[in-house]
Every structure is written in structure tokens, then in C-alpha cells.
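Novice: Next come the chains, spelled out residue by residue.
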Amino acid sequence: MARDDIVERTLGELARQVGGELQGDSDLRISGVAGIEEAQSNEISFVVGPKYVGKAHESKAGALIVPPKLRDLNKSLIITDNPYLAFAKILSIFAPKPRPPLGVSSKAHIGAEVKLGDNVCIHPNVYLGDSAVLGNRVTLHGGVYVGSEVCIGNDSIIYPNVTILDRCIIGDRVIIHSGTVVGSDGFGFAQDGTSYFKIPQVGIVHIDDDVEIGANCTIDRATMGKTWIQRGAKIDNLVQIAHNVVLGEDSIIIAQVGISGSTKVGKNVILAGQVGVTGHLEIGDNVRVGAQSGIAKSIPPGQTVSGSPAISHRTWLKNCQILSRLPELRKKILSLEKRLAAIEQVTDS
Amino acid sequence: MARDDIVERTLGELARQVGGELQGDSDLRISGVAGIEEAQSNEISFVVGPKYVGKAHESKAGALIVPPKLRDLNKSLIITDNPYLAFAKILSIFAPKPRPPLGVSSKAHIGAEVKLGDNVCIHPNVYLGDSAVLGNRVTLHGGVYVGSEVCIGNDSIIYPNVTILDRCIIGDRVIIHSGTVVGSDGFGFAQDGTSYFKIPQVGIVHIDDDVEIGANCTIDRATMGKTWIQRGAKIDNLVQIAHNVVLGEDSIIIAQVGISGSTKVGKNVILAGQVGVTGHLEIGDNVRVGAQSGIAKSIPPGQTVSGSPAISHRTWLKNCQILSRLPELRKKILSLEKRLAAIEQVTDS
Amino acid sequence: MARDDIVERTLGELARQVGGELQGDSDLRISGVAGIEEAQSNEISFVVGPKYVGKAHESKAGALIVPPKLRDLNKSLIITDNPYLAFAKILSIFAPKPRPPLGVSSKAHIGAEVKLGDNVCIHPNVYLGDSAVLGNRVTLHGGVYVGSEVCIGNDSIIYPNVTILDRCIIGDRVIIHSGTVVGSDGFGFAQDGTSYFKIPQVGIVHIDDDVEIGANCTIDRATMGKTWIQRGAKIDNLVQIAHNVVLGEDSIIIAQVGISGSTKVGKNVILAGQVGVTGHLEIGDNVRVGAQSGIAKSIPPGQTVSGSPAISHRTWLKNCQILSRLPELRKKILSLEKRLAAIEQVTDS
Chain P
1 MARDDIVERT LGELARQVGG ELQGDSDLRI SGVAGIEEAQ SNEISFVVGP
51 KYVGKAHESK AGALIVPPKL RDLNKSLIIT DNPYLAFAKI LSIFAPKPRP
101 PLGVSSKAHI GAEVKLGDNV CIHPNVYLGD SAVLGNRVTL HGGVYVGSEV
151 CIGNDSIIYP NVTILDRCII GDRVIIHSGT VVGSDGFGFA QDGTSYFKIP
201 QVGIVHIDDD VEIGANCTID RATMGKTWIQ RGAKIDNLVQ IAHNVVLGED
251 SIIIAQVGIS GSTKVGKNVI LAGQVGVTGH LEIGDNVRVG AQSGIAKSIP
301 PGQTVSGSPA ISHRTWLKNC QILSRLPELR KKILSLEKRL AAIEQVTDS
Chain Z
1 MARDDIVERT LGELARQVGG ELQGDSDLRI SGVAGIEEAQ SNEISFVVGP
51 KYVGKAHESK AGALIVPPKL RDLNKSLIIT DNPYLAFAKI LSIFAPKPRP
101 PLGVSSKAHI GAEVKLGDNV CIHPNVYLGD SAVLGNRVTL HGGVYVGSEV
151 CIGNDSIIYP NVTILDRCII GDRVIIHSGT VVGSDGFGFA QDGTSYFKIP
201 QVGIVHIDDD VEIGANCTID RATMGKTWIQ RGAKIDNLVQ IAHNVVLGED
251 SIIIAQVGIS GSTKVGKNVI LAGQVGVTGH LEIGDNVRVG AQSGIAKSIP
301 PGQTVSGSPA ISHRTWLKNC QILSRLPELR KKILSLEKRL AAIEQVTDS
Chain B
1 MARDDIVERT LGELARQVGG ELQGDSDLRI SGVAGIEEAQ SNEISFVVGP
51 KYVGKAHESK AGALIVPPKL RDLNKSLIIT DNPYLAFAKI LSIFAPKPRP
101 PLGVSSKAHI GAEVKLGDNV CIHPNVYLGD SAVLGNRVTL HGGVYVGSEV
151 CIGNDSIIYP NVTILDRCII GDRVIIHSGT VVGSDGFGFA QDGTSYFKIP
201 QVGIVHIDDD VEIGANCTID RATMGKTWIQ RGAKIDNLVQ IAHNVVLGED
251 SIIIAQVGIS GSTKVGKNVI LAGQVGVTGH LEIGDNVRVG AQSGIAKSIP
301 PGQTVSGSPA ISHRTWLKNC QILSRLPELR KKILSLEKRL AAIEQVTDS
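Going down the list, the sequences are from chains P, Z and B. In terms of the working numbering, the first sequence opens at residue 1 and continues consecutively. In terms of the working numbering, the second sequence opens at residue 1 and continues consecutively. In terms of the working numbering, the third sequence opens at residue 1 and continues consecutively.
A few of these clues could be false.
For lysine to any residue, the following SDA-like pairs were computed, each having C-alpha atoms within a straight-line distance of at most 20 Å [as the list claims (entries may be wrong)]:
hint : chain 1 : residue 1 : chain 2 : residue 2
1    : B       : K51       : Z       : S262
2    : P       : K297      : Z       : A95
3    : B       : K338      : Z       : A342
4    : P       : K55       : P       : N42
Simulated from the structure, these hints should not be mistaken for lab results.
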């Protein structure tokens, strides 16, 4: 990242770029984005809901991005239905820009018969295997390992110390963060007496366009066929995706989730942190799963579940209330038993 | 992996190689293995149970591997008591073969006084520390770090970006997948007022023959003595093994499990995904632990437990049923209380 | 580590060095530390409590470190209020010493305009980015990636295959174990219809002095501002720290914990293994959280909680007892219902 490329925009320009309504000083010069408490008079900040109106009043920010219901704030404003999205877009404008492509470092290992697109950037200490194919403007940072016959699409960024093993396929505009492993062997063994015989894992991992994968994840190759991460899925850090899993489009997988072999996760699913999913299940589109839940059965589309094993989120919330007073409930039962015994003595006699 | 070495076998040859009974066309030429739905006429697939008989009938596979009870399928068959094992063995025959050993890359760092066996393969960007010892046919893939005085036995494969720290000992035919760390310091601190004093971790990790360790695992060195992974144990991805743990022969540790310091796990144990085990426990031989369970007490051999904290699997299954209707049960109790109070009024009066 | 630097101390010297009371042979020559069962006559071992008195009697150790209440053991002793701390300090004396600094390897990549302190040690296969700053006696082991404009303080040790991304700041005497990623992008996306727009993560990670971070952890950079690990915090392996988290001084985070975005953890907190904490919470000073707990609400200082969702540790312990006999409790309720119905029939008639 270069830090000396100072960017400045007028508030009017910013409003146009995010398709928002301008209120106030169109010529105000903005040179950065900051949190509501840190922002200075040359910076813009954002407020998503009424909860932060107090802080908005006190803020030194030169301007604010707000939803329509906060249009009465006595500030220069960009008004938009989705202030969080506008914030993200404006932050992109001011974010440090990647340095110009450096070409191929002489300190990288470049295998035989590789095909390199235009303006690729291969840093020192990279290993690029034989017959690998890189699209245009691909960046491989230092310490990246790319195996033989791997294909990586245009504009993808592979961060330092990522490992992508033989024959895996990566789409366009994919981002893979440091330490992640794509294409390690699936965990498959056939029992042979008391020992185990390794089942060769001859499939691949296929990652579609616009996927982002966090740091230190593991995505195993398929036993046969492919493990498949579909377009636009976003995966946080330390996530385990086992062999032959299919992860649907625009699904969100939070940190430390584990998905077991051959499970199919639908589109626009959200699995919160530390969720575990057993193998060979189907998780329907738009399913939401609460943090630390354990999924052992398939889930129809649209459901929200929580708990381990997971039940409907509604029941789970009630259970949490009950469990927080479980000792009282038990006492009540024991007392009922006693009182009932007393009555039984009376009615028996 | 080379992909152009096409392998072909007759069905008769395959049946002999896996010790199965041949039924049908002995001369049928098979050139690959595939799933029951994908297999073509020159490929073999497998069916392990009656659940897939329908798909077996519809399959285009040239032949099937089946258990004895499915011998009536109108197909060319290899009949065997363990079709999954036979499938694994046949898949091994057709799996891409590793490339011939490349020798020692000039782009690897080779420390002083190392001992290298015959036909070792050391790829670019490897770091091999001083006085390290590699057996015959050891492969160190790109980006592997092997510390000083590490010993690695014959035929072991260390995948890219693995780290093996000083003095650890690795057996024969061990496979370690990418990103895994062997021999990081155990987590040990002595309280010193409100701060902590680091306890030096001077032991090692000892990994026996035929162990396989998944991607991005962490196996800490012992405080003193050794952390010990015994023969044939199989460890999935993102598993944490703390200092001085002993993991018994042929045990199976699924992804994201954590085992705390000094715990001893027996032989043929299975810990399912995301299980946590506290320190200084003994987990007996043949114990099975359900996914996401929390083990805070030692477990005698042969038991199956689930839950956090873990209880007998049988009780846990009943609890899951009860908890899925806990709000109803609570209502029932409140209703009982009311009804009892009504009676008490009557009987008191 | 060099193994041939044999160290020997008299028991009197050791007692003085740890500020302990000597009992027995002051001139006894000690050349190592070992466990109570393994120690030989030239080694010292330690006993923290009466539980191990039997083993202490049988031990072949030349001397023992013990608390005052065990001063009657018929052995040469170092008596101290904190035997575990004395053990740690004596183990430090005998631990293998790091080799003398090697300087800067010609096989490392050193970026432009870096500043290197005295006696830095940069091993082969390191990537050191442009404008990075290393303090005195910093060690970067093989395969480490240090991004542009990173600062690392005096005496810090970065183990093999660690990744520290652009602009992050690391204090003095920090230890980071292999495979850990510092400064990967926080997981932030703004919903844009059914897809997601990436929120640039322009902040940094700031790690204060005397922090130790285990292997294969992930510590994300802040969206804006900084993710902050404060002085003396100790983090075990495979821990996830999300963007903008603040982790307080001398807190202890055990393996596989995940802390979500913007949560503030106080001082001297202990989070046991596999705990999950949701975002935007405040965990007070001296809070203790049991293994596998799920924290979804802020916790006032000094509390001890357990369970998912977490409740007071006391209630949780009772719940565990009750849940282990939940099927009996349910039967009791059903029986009460039956008995009550019988009585109702009588009293109604």
C-alpha cells in the first residue's frame, strides 16, 4: 500500500458516487473516513440508526452519511437508504491503493510451461508450479505456493503464505487471505481391521468468481469430483470445509465454522461463528444458524435454528431462559412431589 | 501429479488385487473410478448398502463393487465384505502418481551437516535446518520449514508451508498437510503477581509411523519429555494438540478438535468434530465422543459419550428429545402446580 | 538451539537465583530439570501440592522445589511460596539457548528503505517489505513474511511461516509462533441487494510489549483504527481475534477461542478453550469463562461464567448435574401428572 497518494473529494462528488442525496455544503472538501467519535472536520463518518444520534450531534465530522429518517441532523449530510453500503463505497475511495504491479520477481520459483496473463505480480519467495495458469492482474504475494496445473482467474489476490495445491481452479476477483490451504486431501480412510487405509483424494477444489476466503482456513479437495465454493460466498478465518462440500452463492460463513464432507449449503445462508455441520446434509437457501450450533440434520430453506443439536431459534431462545433458572424448576418439581404425596396420604386415608 | 499416465485394468485383475469375488465380465476394461451417478461404462463404482440399490440400477458404471447381500444386481460385480476398502484400494490404482523425485533444489536452503537419504525430494523455498536427518524418499514440498536436528523417516511427505521445529522426530510414511505446525511452544506460564513468566518448553514432538495430520493443525512440543502421536493415528484439519499429550494408535481426531495439555488418549478412539478435552485426563481405548462434546473427566475404555459436559451418549440422545420440547415441559410443570394448588385448597378446607 | 552447551549449577546457586530457602546439600551439582518420575540424581524436580508427596518420596531427583508445607520431605529442597514459578525460572537456566545471531541471510528478501537494529537475525526465505523497521536483536525465522511499513520492537521473536501484513506494529519482547497471521482483513461486508460489497479494512493490528501469540492464530486488522493486543496478554493456538477487538493486559486466551469484532476484553481475563464471544461486547477485568462457553452479552468485572449461552458458573454446575439426570426428571413430571389426575378424579367426584 502506498500512503502518500492523498485523495480529496468534494461532498457533492461523494454523494453522486454513492447515489445519495446531498444536504448541506456541496463544495466541502473531504479527505478521509473515520468513526463517529474520531472523525475530524475534513472527514466523513456515518450513522446507521437512531441509537447513535447523540454521538452524531457531538461529532466533529465534516459530514455524515445517514438514512432518510435522520435527515434533520444539523450537519452536512449524504442521505441514502443504505448508509452502511455508502460508507463502504466511500471508504474504498479513500483506502490505500495497491502498488503498481511489479512483474515477476527473480526470487520467485516459476515452474515449466506456466501461462501468465498481463500485469501479473509475483513476489519473492513464491512457488508457482508447472503448467499453472494465471489470468490478468493476478497478485501472488510472498511465500504463496501454487501447485501444478492450478488456474487462477483475472484480478485475484492471493495473500502471503497461502497454499493452493495441484489442479485446483480459482475464479476471477477471488481474494484468499494468508495461511489458508486450498486443496489439501479430504479426510477419508477405509477401515481395514483395526487400522485405516487411506482413500486417495483425486478430486479438486473449485472456487467461483467474487469469493473471499479468510486467513488460516482449510478447504479440502474432493475424493472424486470437486469441492465447490460458489460465486460471491464469503468465508471468515479458521473455517474448515471438508471434501465434496458445496457452498452456495453469497453465503456467509463466520470464523471457526466446520462443514463436514459432502454437505450442500444453499444460497444466502449464514452460519455464525463456531457452528459445526455434519456430513451429507442439505442446508436450504436463506437458512440462518446461530453461533456454536451443531447441525446434524438437513434444514429446509428459510429456517433459523440454534443450539447443539440445533432446534428452531424460537424454541432455543425459550430454552435459554428456562435453563438459566433450571435449578429453581427442579426445586419446584421436588416440592410438587412432596405436596402431592401429602395429598395422596390424605385422599388415600 | 502427472495426469497423462493413463492406467487400465481388467475387472478380473481388479477383483484379484482387492481379494474380491468376480461376477460378470472378467475381461471388461476399467480405466477409472467414479461416483455411482457419474460413472461411465469404462469406470467402476461402489455401493455399500441397500439404500443405494436404486441408483445402482440406474448407474452407467461398467462395474460395481458391492457387499455380498447385493450380489443379485444385474451388473458386472466385485463382491467383497468391505466394499469401501476395496473402493479405496482400486482408487489408489487409478490415482495420479506423484512425479519422480527431483532431488534437491538449488533454491532450497540446506543447513550444515544434514544427512539426506536416497531419492529425497527437496523443492524450492524449503528451509532445512542444521543437522537435520531425512530418510529415503522423503518429500519436502515448497515452503516447508524443517528446524535443526529434526529427523524424518522414510517415505514421509511434508506438504507445502508446513513448519516442523527443532529436534522433533517424525516416523516413516508420515503425511503432514499444508500449514500444519509441529513443535511450537506449549502454552505454559507461571503466575508471577498479576503477570506471567514463560515456562520454557524444552521437550519435543514425536510422531510415529503411518500417522497422517491434516492442514493447519498445531501440535505443541512438550514442556519436558515429548508430545507423542502414536502409530497410525489420523488427524483432520485445524486440530490443536497441546504439550505432553499422548494420542494412541489408530485413533481418529476429526476437524477442529482441541486436546489440552498432558491428556492421554487411548487406542482406536474417535473424537468427532469440534470436541474439546481438558488437560491431565485419560481417555480409554475405543472411546467414541460425539461432535462438539466437552470432556472434563477421564473416560473408561469403550464408552460412547456426547454433550458439553459429556454424558453417556444414550442419556444425551434422550436429553436432546426432551430439550427440543422443554418449553412444553415447563408449561406442564406450571399447570401441575396450579392444579395441585386447587386441590390443596379443597383438601385443606 | 545448540545442545552442547552443558550448564551446571549448585543447588545453593539455584536457591539464590529464585529467592528460595535452601534445605540440604548446598553444593549439590544440578545439570537439568525433569518431571518427578523421570528426574535423576543430577536433576531437580518440583512438587506443587500434597497430592504428589508419594511420588516425591519415590523420586530419584537430586533435589526438589516445594512449598513451605512440604518442608518435611527427606530430600534436598528449595522451599518457596511459588514452586511453579521457581521451577519455570530454573528451567529457563537449563533450557537450550538460542544460537548467536546470524545476521541477515543473503537468501532473504530485504525490501527498500528498511531500518534494521543491532544484531538482528533474518533467516533464509524471509520476506521483509519496504520501509519495515526492526528493533535490536529481532529474530525473523525462515519463511516469515513482514509487510511494508511494519515495525517490530526489540528482542521480539517471529517463528517460521508467520505472516505480518502491512503497517502493523509489534512491541518489544513479543513472541509469535509459526503460521500465525497478523493483519489479515477484518470480515466486513455491506449488503448490496443479495450480494455483498467488501468494506476496505484500512486499520492495523497493534501488539504491545511482552505479548505471546501461539501457532496458526488469526488477528485481523481494524476496519479503521486498530485491533489492539495489550501488554502481557498470552494467546494460545488457533485463536481468532476479529477486527477492532481490544484484548486487555495480562489476559489469557486458550486455544481455539474466537472473539468477534469490536469486543473489548479487560485485564487479567481468562477465556478457556473453544470459547466464542460475539461482537461489540465488554468483558470486564478479571472475568473467567469456562471452556466452550458462548458469550452473547457483556460481562461485569470479576464474574465467572460458563455454558452456551453463558450463565453464572454456579448455576451452570447445578444445571450439569440436573441435565445428567434429565430423563429421570421428565419421568417424575409425567408420573406427577398421572398421580395428580387420579387425585383430581377422586376430588371431583
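Novice: Are K55 of chain P and N42 of chain P close enough, with their CA atoms no more than 20 Å apart?
Specialist: holds, 17 Å
Novice: Does S262 of chain Z sit within 20 Å of K51 of chain B, going by the straight-line distance between their CA atoms?
Specialist: holds, 17 Å
Novice: Taking 20 Å as the top limit, are the C-alpha atoms of K338 of chain B and A342 of chain Z close enough?
Specialist: OK: K338 of chain B and A342 of chain Z at ~16 Å, within 20 Å.
Novice: Take a quick look at whether K297 of chain P and A95 of chain Z sit within 20 Å of each other, Cα to Cα.
Specialist: violated, 33 Å
Violation of the numbered hints given earlier is confined to hint 2; every other hint is satisfied by the structure.
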